[in-house]
Each structure stands twice: as structure tokens, then as C-alpha cells.
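A.B. asks: The chain contents come next:
2 protein chains.
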Amino acid sequence: MDKETFRKFGYKFVDWVADYFEEVEKYPVCSAVKPGEIKDRLPSSPPLHAERMDTIFDDFDKIITPGITHWQHPSWFAYFPANNSPASVLAEILTAGVGAQCMSWQTSPAAAELEEVVMGWLRQMLGLPDGLTGVIQDTASTATLCALLTARERVTGFKSNQGGLREPLVVYSSDQTHSSIEKGVKIAGFGRENLRLVPTDEAYAMIPDKLEEAVRQDKKRGLKPACVVATLGTTSSTAIDPLADIGRICGKHGLWLHVDAAFAGSAAILPEMRWMLEGAEFMDSFVFNPHKWLFTNFDCSAYFVKDPAALIRTFEIHPEYLKTGHDSQVKNYRDWGIQLGRRFRALKLWFVIRSYGVEGLRAILREHLRLAKLFKSWVEEDERFELMAPVPLSLVCFRLNDGRGEAGLDEMNKQLLEKINASGAVYLTHTSLRGRYVLRLAIGQRTTQERHVHAAWELIKREAEELLKTSNR
Amino acid sequence: MDKETFRKFGYKFVDWVADYFEEVEKYPVCSAVKPGEIKDRLPSSPPLHAERMDTIFDDFDKIITPGITHWQHPSWFAYFPANNSPASVLAEILTAGVGAQCMSWQTSPAAAELEEVVMGWLRQMLGLPDGLTGVIQDTASTATLCALLTARERVTGFKSNQGGLREPLVVYSSDQTHSSIEKGVKIAGFGRENLRLVPTDEAYAMIPDKLEEAVRQDKKRGLKPACVVATLGTTSSTAIDPLADIGRICGKHGLWLHVDAAFAGSAAILPEMRWMLEGAEFMDSFVFNPHKWLFTNFDCSAYFVKDPAALIRTFEIHPEYLKTGHDSQVKNYRDWGIQLGRRFRALKLWFVIRSYGVEGLRAILREHLRLAKLFKSWVEEDERFELMAPVPLSLVCFRLNDGRGEAGLDEMNKQLLEKINASGAVYLTHTSLRGRYVLRLAIGQRTTQERHVHAAWELIKREAEELLKTSNR
Numbered sequence: 001m002d003k004e005t006f007r008k009f010g011y012k013f014v015d016w017v018a019d020y021f022e023e024v025e026k027y028p029v030c031s032a033v034k035p036g037e038i039k040d041r042l043p044s045s046p047p048l049h050a051e052r053m054d055t056i057f058d059d060f061d062k063i064i065t066p067g068i069t070h071w072q073h074p075s076w077f078a079y080f081p082a083n084n085s086p087a088s089v090l091a092e093i094l095t096a097g098v099g100a101q102c103m104s105w106q107t108s109p110a111a112a113e114l115e116e117v118v119m120g121w122l123r124q125m126l127g128l129p130d131g132l133t134g135v136i137q138d139t140a141s142t143a144t145l146c147a148l149l150t151a152r153e154r155v156t157g158f159k160s161n162q163g164g165l166r167e168p169l170v171v172y173s174s175d176q177t178h179s180s181i182e183k184g185v186k187i188a189g190f191g192r193e194n195l196r197l198v199p200t201d202e203a204y205a206m207i208p209d210k211l212e213e214a215v216r217q218d219k220k221r222g223l224k225p226a227c228v229v230a231t232l233g234t235t236s237s238t239a240i241d242p243l244a245d246i247g248r249i250c251g252k253h254g255l256w257l258h259v260d261a262a263f264a265g266s267a268a269i270l271p272e273m274r275w276m277l278e279g280a281e282f283m284d285s286f287v288f289n290p291h292k293w294l295f296t297n298f299d300c301s302a303y304f305v306k307d308p309a310a311l312i313r314t315f316e317i318h319p320e321y322l323k324t325g326h327d328s329q330v331k332n333y334r335d336w337g338i339q340l341g342r343r344f345r346a347l348k349l350w351f352v353i354r355s356y357g358v359e360g361l362r363a364i365l366r367e368h369l370r371l372a373k374l375f376k377s378w379v380e381e382d383e384r385f386e387l388m389a390p391v392p393l394s395l396v397c398f399r400l401n402d403g404r405g406e407a408g409l410d411e412m413n414k415q416l417l418e419k420i421n422a423s424g425a426v427y428l429t430h431t432s433l434r435g436r437y438v439l440r441l442a443i444g445q446r447t448t449q450e451r452h453v454h455a456a457w458e459l460i461k462r463e464a465e466e467l468l469k470t471s472n473r
Numbered sequence: 474m475d476k477e478t479f480r481k482f483g484y485k486f487v488d489w490v491a492d493y494f495e496e497v498e499k500y501p502v503c504s505a506v507k508p509g510e511i512k513d514r515l516p517s518s519p520p521l522h523a524e525r526m527d528t529i530f531d532d533f534d535k536i537i538t539p540g541i542t543h544w545q546h547p548s549w550f551a552y553f554p555a556n557n558s559p560a561s562v563l564a565e566i567l568t569a570g571v572g573a574q575c576m577s578w579q580t581s582p583a584a585a586e587l588e589e590v591v592m593g594w595l596r597q598m599l600g601l602p603d604g605l606t607g608v609i610q611d612t613a614s615t616a617t618l619c620a621l622l623t624a625r626e627r628v629t630g631f632k633s634n635q636g637g638l639r640e641p642l643v644v645y646s647s648d649q650t651h652s653s654i655e656k657g658v659k660i661a662g663f664g665r666e667n668l669r670l671v672p673t674d675e676a677y678a679m680i681p682d683k684l685e686e687a688v689r690q691d692k693k694r695g696l697k698p699a700c701v702v703a704t705l706g707t708t709s710s711t712a713i714d715p716l717a718d719i720g721r722i723c724g725k726h727g728l729w730l731h732v733d734a735a736f737a738g739s740a741a742i743l744p745e746m747r748w749m750l751e752g753a754e755f756m757d758s759f760v761f762n763p764h765k766w767l768f769t770n771f772d773c774s775a776y777f778v779k780d781p782a783a784l785i786r787t788f789e790i791h792p793e794y795l796k797t798g799h800d801s802q803v804k805n806y807r808d809w810g811i812q813l814g815r816r817f818r819a820l821k822l823w824f825v826i827r828s829y830g831v832e833g834l835r836a837i838l839r840e841h842l843r844l845a846k847l848f849k850s851w852v853e854e855d856e857r858f859e860l861m862a863p864v865p866l867s868l869v870c871f872r873l874n875d876g877r878g879e880a881g882l883d884e885m886n887k888q889l890l891e892k893i894n895a896s897g898a899v900y901l902t903h904t905s906l907r908g909r910y911v912l913r914l915a916i917g918q919r920t921t922q923e924r925h926v927h928a929a930w931e932l933i934k935r936e937a938e939e940l941l942k943t944s945n946r
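Going down the list, the sequences are from chains X and R. Following the working numbering, the numbering of the first sequence begins with 1 at its first residue and continues without gaps. Following the working numbering, the numbering of the second sequence begins with 474 at its first residue and continues without gaps.
Bound conformation, chain X alone (with noise of 0.2 Å):
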């Protein structure tokens, strides 16, 4: 392709994305194609010639558009938010332009040296302890894996790297922990029958009291209590495990301490909400994601270890291809996680920390949790529904409640859920808590505004009423 071109369809792509931020609304939040509908219309074979790029985005604006489901929409309610911003896609094409690979300092020492300090800002803006030295990983599945994983070292006296893992190690987190947790623990070798789900309470969050109860039983038992994994913003209903008590119970067990707080982190720029920090000072690792609710484009996952060296005595491998003459004096983030190749993710970090201010983000994510509050004001002044959870953060978990008793109230629900969707103006998903179906509103998409919000409240109540007219309960 020559510059002229590359510049013509840059430009249009350019032009693209910025009409897609502004017309996102126009489309169903969620793609309602069917399975096998875009298949269908993609030829089984590679093309044996270069295709013109005005063919490609013809097809990529008819075929791929319509099966997109628009985690960018104001209307996104579903899950947790992933989201983007225009300082964040604008590093992105720096990125891809430089295609950079960051294995080691030597291969890209602006991008090893901006990470180090853009992970800096981060651990300024959350308060977090100054003891603690950041990596960027692409998701929570990976760092909470790396935690695992070093503290399976660390309680082995890193002899299972050597020997193979041959101890029963337990793991314990809430009932409430994210699946990537029991993903981790399968991966790195503990077995699915070692990873203890500690009772919550009323609230969600873990009963300290129950876990260290856990504890000793395993030693009773014989086994060996390696690691526990706080969660902070729990995936269902954003529940706050209390990080204090937690930690005061690892210590004294010597137990490893993971916090998970993938969605809530980006809330500890808020000072106000930095309570969720309480405790902080016990943690062995802290992982949230830039990429949910820091407006920087998926995959930015930001890991904080305690004690760097543990980490890449885990991690580290010293083939004579990858010796640098610098290895001794720099970061070579390879040794500090899973992958030996890595992206320059630390560019888009830089660029919307700076292009919001640390002030812009804070008012974003105010917004945020004030629109909620205010949902959950309406929830709870409309007789027909029922908060199911409390609301720490800015997810709302409700459902529909005619008052007729439990039975069907599941099956009700699905289908509210059912019918709020297939209208496409906005999208919610559902999960489930002490065993009943319940409706998750979470907002915390860049550009939701109460007017978004308040449509969807609008639209859940007209589904409610409909669906409580012709029910037959």
C-alpha cells in the first residue's frame, strides 16, 4: 500500500471512529444477528490477491458493523464497562504504527521506562502504598494468575517451579470471587478442590471470622494455606471485602494477600471512597484494570506487587538469545508475567491520564456513582421492585417483585431481562445471588449521562408493567 493511501483510509478510519463516538446511540447496544449470520457471509477461502481497501471497509461497515455489540454505547449497563476514550484510541494508532514488541528494556527502553513511571502516577492517584512497584498486564485473569502463582513459590520456597508442585497449597477468596480466581487455581496446579469459597454476608463480602476458621481446619487438616484473594468490587454486586481484618489474618498466618479490584479500583482516585484502602498495607498484590473504568483501551491491566523480586524469581528465564548488556541496570518487564512478548501499553495510560487530568477523571467517576445513587432512589421508591444488594459502588442489582412469593420470580426476571434487551437501547445483564435471579444495572461508561440513565429506568419500568399485565402467576 502506498503513503497515499495509507493516508487516505487512515483519515477515513479517523473519521469513522470519531462519527462512531458521536452516533454510537443509533445502534441496538447489542448486535441482534444470529449465530452463523456473519459466518454466512464471509467466503470460507483466503483471496489468492490483494483486495483494494475500499472493498475491505465496504465489507468490514456491511458485514462486520451489524454483528458488533457496542461496549461503547452510552446505554451500556451490561457486565462491567470496557471502555475507550479519544486520547486512548489516539495512542493506540502511535502504538500500532511503532509496532513496538517490549519484551526488554533494550527492545524498547521508552516503553519499559514509561510504564515504570506512568505505574507510578497510578499507585499515586489510588493511594496506594508507596511500597508497592507496578507492571501493566493485559487482564485480571493474568495477574491475579501471576499472584497465584508467585505465592505458590513463595509458601514452596520456590521449589515447585523446580520439583513440580506435589502439596496440597489451598487457596481461599469469598463466595462471591470473580471466576478467574478458580481459572488461576486450576491453571497454576492447586486443583479446583483447594480453592475454598469463604461464606459472605449480608452485604456480600467475606466474613473474616469464616475464613480464618477455614484456615486453621486446613491445617488441622494437614494442608498448606497459601494464598487469599480479597475482592474488592465484587462481579456480581460490587461487594467490599474487609481488607483490613483480611490482612491482619494473613499475617498472622503468613498467607499471601491478592486483591482483586478490577472494576472498583479506578474508584480509589476518589478520596472519598479510598475507605475500600483500609488495610492496604497487608496486601502482597493488587490488581484493577484502566481498561474498565479508566477510559484506556482493553487490554490495560495494572498489577502492584509488594516485593518485585519474588515476582520474577517466579517468572524469570535467562535464555543467551534474550542477554541484553543492560540486564543488570533496568526493568525487563518479560520476567514479570506470563508472556515473554508485550505490547506498549503504557503509551495510551499516558495519554489519558494527561488528556483528562487527574481532576477530569475524578469528575467522570463522581458522575458515575451519583447516577446510580440515583437509580437506586428509584428502585427503591417504586414498589414493584426490590434492591437486592447494597450499592458501594455505581452497580445496581434489583429485580421485579410482585409480591406473590418466590416461586416464578426467577423465571419473571429472565424474562423482564429478555425484554429490556431485545429493545436494544440498552443492555443489562443478569447474576445470581444467594441462588436468586437478579438484574444488574452497572454504569460506567464514559459517556453516560442521567438522560441515559433515566431512559433505561423509564424502559425497565414499561417492560415490568407489561410483563405483571399478561402474567398468569
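Hints are computed from structural coordinates only; laboratory data are not their basis. A couple of the hints might just be wrong.
Unchecked claim - Computed spacing ranges between beta-carbons, pair by pair:
no. : chain 1 : residue 1 : chain 2 : residue 2 : range
1   : R       : Gly908    : X       : Lys12     : 31 to 39 Å
2   : X       : His253    : R       : Glu496    : 58 to 66 Å
3   : X       : Arg370    : R       : Ser518    : 46 to 54 Å
4   : R       : Lys693    : X       : Asp209    : 46 to 54 Å
5   : R       : Ser518    : X       : Arg462    : 45 to 53 Å
6   : X       : Gln124    : R       : Glu793    : 33 to 41 Å
7   : R       : Ser905    : X       : Gln124    : 36 to 44 Å
8   : R       : Arg721    : X       : Gln329    : 42 to 50 Å
9   : R       : Arg747    : X       : Arg436    : 52 to 60 Å
The structure displayed is predicted, hence computed values, not measured ones. Beta carbons: idealized from backbone N, C-alpha and C, even for Gly.
Since the structure of chain X is already known, use the hints to place chain R on it.
C.D. replies: Just chain R now, kept in the frame of chain X:
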């Protein structure tokens, strides 16, 4: 940022990338900054208030670019290449703008279905067996870890996921294998001591008889052989392990056969290079990196498996909050690897394959292979230099040899490499083959032409001459 500002800087950055592609030769290939130099120029705290994009870009230009090692430089001969291309960068703009998180089919139907289609294209392009199914991973490190984990689960009847790894399982690879195998073996809990590095022949390829011998010995000792990792194109010298012979041994002993073709795999788009894949019918899994030699932005690793059900069973998790109505009819790629969250990586592959066409891609690879043969002939014709390994692909391993015996040769070649790279005109790296320090010249950057390889050779000769003159050996 308003739409006009985004558009203005979007254009500006597209221009920057267009110029970068054209003018990258004006930069030294490997950044000459000293450790700490970039960091010292960056503020240690984040800005409280928003900064203008002019200011941010200005800092990118002045502070960051001097610290970039230019992987897209045509005189990049280090490691293996990590190519981008105009089509790939264009796709990345759209990917960043859409900002989809592709964990489940429903969260991005187009991404899931395009991935399925494009991986089918790659399978056909490489002439891989029909029975293989593809999924995009970030890196070969991750793909190989997936293979090791699936092998672990298959050999333990999917019990280590549940009860934890308790048996001594053994993994085999050649003594030339990539460091990511050792890393994966440690992560998956096998333990470094249970990785057997099978001896290699004079071409640095695994000796099948030695593999079988090792397997028999381990069985005799009561250990359980689990997995063989064969390499097509080792990192040190692109040695090609004999797949068919290794495959037969795996078949006989019921071992998982994973094939790491991270760099070399792309060459299989050339019918004349398909000999590498003889025995492919024995493979349980196969990985190659389009981000290396297929002009698709890092990260993009193509992982193929014979039995997707085994892969899924290794990784799947079923939290309520991820369930969707379509789960039984679609591919949810979150269950095909380590991470839950996934970028929309299929788009750039689609753009690249269509923009070049299969024949267009073949032409570039054929030219790289031709240039390597040419460079090899220059080395062979110059009596001061010595070829250190066969050249089956586009990597040439060589060294300076003044004919005065082995003592001091390593040090002399180390000095030679330093002088070559200090010029900034080219970037080469080194390896160790049978304990000897060897220079690697890897040809594979998209824009590398004969003049770049020729200039590299002239520089190497000039520096060697200088060194031989001043050497007091």
C-alpha cells in the same frame, strides 16, 4: 476532547505513522538512550488538570521517540521480526475505536465469527490438516502454556484441574527449545526438573531416538510422560525438528504433540516449504505468530488444536454472570485460553490477508528466503567468517573466525556484535550454539530489501577487519 480535536490529531498521527513508515531508516535501529534517561525526563507525579494534546504529542516526539528501538526498520535483523503493515495499522484504528471486549460470542458476535473464519483461512494457507481448529492467542508463550495445560489434563483424566497436580508428569523438547517452554512447564506445575531437553543432531534438530530413549527411561522410573514440544524453526538457528518421526513416537506412547512454529510457521504459506509440516497429522496442537512474519501487528498468535473439546474442558468456567442465551450454539472464546477478556484481533488479520492476498504475502516471504541464501553465500565465500548452522529459513548464524583456535573467539565475536550495533545502522543479536557465541542475522522485516542486507554485510566486514587489525590475539 471534542470531535474536531480528535479528528485533527487523528489525521496528524496517521501522517506521523505514514512518515514513520517512509523515514524509519533515518533513525538508529536500536535506541541509544542510557538506562534512566527517559524516566528522568518524565514527571514523577500525574497532572491534576487536563493537558492539551499538542503538549502530549510534543512530549511523545521529544521524549519517547528517542527511546524507541525500531522493530519496523528495514535493517532490523535482531531476534525475530515483529512486523506490522499499513493494512494492519488501519485495522487497529477501527479496533481501538470500536473498543469491543470479545470474551463471549454475544459481547461481539462479529469478532467471534470473523475469528473462526480467518483462522480457517490461515489453516488453509499453511496447509495444516483439515481437522485442526484455530483460536487467536496473544503470544506463543500463552499458546504453548495452553498446550501444556491441556496435555496435563488429558494425561490425568482432567483430574489435576480438580484435585491439583500430584503426579510427576514429564515434558520433552529439544535442547534448542524456546525459553517459553521452560516457563510454561513451571507455570503449569510440572516443575523444571521434569522437562527433558532431548539432544539434537548437527543441524540442531531433535534426535527422535534420543526422545524415545528418554521416554522409556522415564516410564521405567515410574514417571508419566505427558507432552512433547517439537519446534519448527528454533530461536537460536531455526532448526526444524523431524515432525513425522517425533509424531510416531508420540503416537506409540500416547503423548501430546505440541508444535511451536512461532516464527517459521508463516513460511508454510509457501508450497515449497511445506516439507516442514510432514507428519502434521500427528499434531495435537500447533502455534505460529502472524505478528512475527505475517505482517500483523503484535500481538496475534494463531493456535490450532485437534480436539477443541479438550481445550475447552481445561479452561471453561460457568459463572452465572457470564451465561447468555446463545451459549449452546456459539463459540465463546473465553473458554479457549487463559484470559477472560479478549481484544478484537481477527480484524487486523482479515485486513492483512485481504490487503496482500496470499500471493502477495508469499512474494515477500520468498524474497526474505532469497536474501538469506544470498547472505549465507557471502559468509561462506569469505574465509574470515564461518557459517554456524544450516539455513533452512531466513536466519543466518555465523561468526568471525581468525583461525587461531577457539580461545578468545567468543569474546571477539561479542566485541564485533557490539561494534556493529553501536553504529545504529543495523541491529543484530546473538545466541549460543554448542557453547559458542554466535551472531544471528534474521531476515524477515517487511521492508527489508537486498540493499539493506548488502549494507549490513559491508558493515560487518568493515568492523571485522578493524577488529582483526587491532586484535592482539
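A.B. asks: Which hints, by number, does the structure contradict?
C.D. replies: Of the numbered hints, 1, 3 do not hold.
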